[in-house]
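Asker: Using the hints, position chain B against chain A.
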Amino acid sequence: MILFYNKIDGRIFGTIDGRVHNREQLKMYVSQDPKMEIGKYVIGFLEGEKGERMGQNLDKMSLLEKFEDITPESPLDYKVDVETGELIKIQNEKLNS
Amino acid sequence: MGDWGFRISEKGAEVLTGDDKEMAFTSKYALFKGSTSGTGQTTVSSGNTNTVTIAHGLDYIPKVRAYADVAYSGFAELPVYGRITVLEDYQCWCYADATNIYLKFYYLDGEGGGNHTFNYKYFLYKDKGKL
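In order, the protein sequences belong to chains A and B. With the working numbering applied, the first sequence corresponds to residues 1 to 97, in that order. With the working numbering applied, the second sequence corresponds to residues 1 to 131, in that order.
Hints are computed from structural coordinates only; laboratory data are not their basis. It should be emphasised that the depicted structure is a prediction, and the values quoted were computed from it without experimental measurement. Everything hinted at is true.
FRET-style restraints, in silico, Cβ to Cβ:
| id | chain 1 | residue 1 | chain 2 | residue 2 | range |
| --- | --- | --- | --- | --- | --- |
| 1 | B | LYS28 | A | ARG23 | 27 to 35 angstroms |
| 2 | B | THR49 | A | ASP9 | 19 to 27 angstroms |
| 3 | B | LEU16 | A | ILE88 | 57 to 65 angstroms |
| 4 | A | LYS35 | B | LYS28 | 44 to 52 angstroms |
| 5 | B | VAL86 | A | GLU86 | 40 to 48 angstroms |
| 6 | A | GLU86 | B | GLU14 | 52 to 60 angstroms |
| 7 | B | GLN91 | A | GLY51 | 37 to 45 angstroms |
| 8 | A | GLU37 | B | SER45 | 17 to 25 angstroms |
Here are the simulated EDC-like pairs of lysine to aspartate or glutamate, each with C-alpha atoms no more than 16 angstroms apart in a straight line:
| id | chain 1 | residue 1 | chain 2 | residue 2 |
| --- | --- | --- | --- | --- |
| 9 | A | LYS27 | A | ASP17 |
| 10 | B | LYS126 | A | GLU24 |
| 11 | B | LYS121 | A | ASP17 |
| 12 | B | LYS126 | B | ASP97 |
| 13 | A | LYS40 | A | ASP9 |
| 14 | A | LYS27 | B | ASP59 |
Selected chain A positions facing chain B (in silico; Cβ < 10 angstroms):
| id | residue |
| --- | --- |
| 15 | PHE4 |
| 16 | GLY18 |
| 17 | ARG23 |
| 18 | GLU24 |
| 19 | LEU26 |
Every residue gets a Cβ at the ideal spot worked out from N, C-alpha and C, and that includes glycine.
Next comes chain A alone, as it looks inside the complex (with noise of 0.2 angstroms):
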């Protein structure tokens, strides 16, 4: 799954599903503001031209797993630290208003 976050606060806001991501895929972003800096957060494979497989991020393939299933937990609920790489867990927030 690749995360893409806004580089300046951590904010997800939007992902691809998978596991195994090629080249093809790595060009896709998700953008709904041109002059955000995106950042992308990789849980599981990049594939080479080979198609060998880099591992990304593989200690949270137990997160991954949650993100897939039909728990509510959501990758949306959750933050990159941009000090520290880290995935972190929001509070709830009333997000309309």
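Answerer: This is chain B only, laid out in the frame that chain A set:
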């Protein structure tokens, strides 16, 4: 091109000689060969339209389906429009070109000043069909 491909017949039909319509599956025709999906969230200020742009890396216009959670009724397939309250209108739609898919979210608060967060889910299907 020789006779090659992939067929799965319905019960009682001969897989080698049966008609296409007797097949549960045949690779003779264009079919979706894969998909990419994802989720996201966008907060729209009243009177504005947010555009979520997703580059798909394909060189053709893919089939796309998208859903948004609207008006406390769960996820609805785009395009969808309606009211959240008597004073709050929304419209959500999507389209694609050979570079991107675009998800559009419009929100209007009749009292002004508000905003609304839409959660969305998209599916992009890979097949050129007869394009």
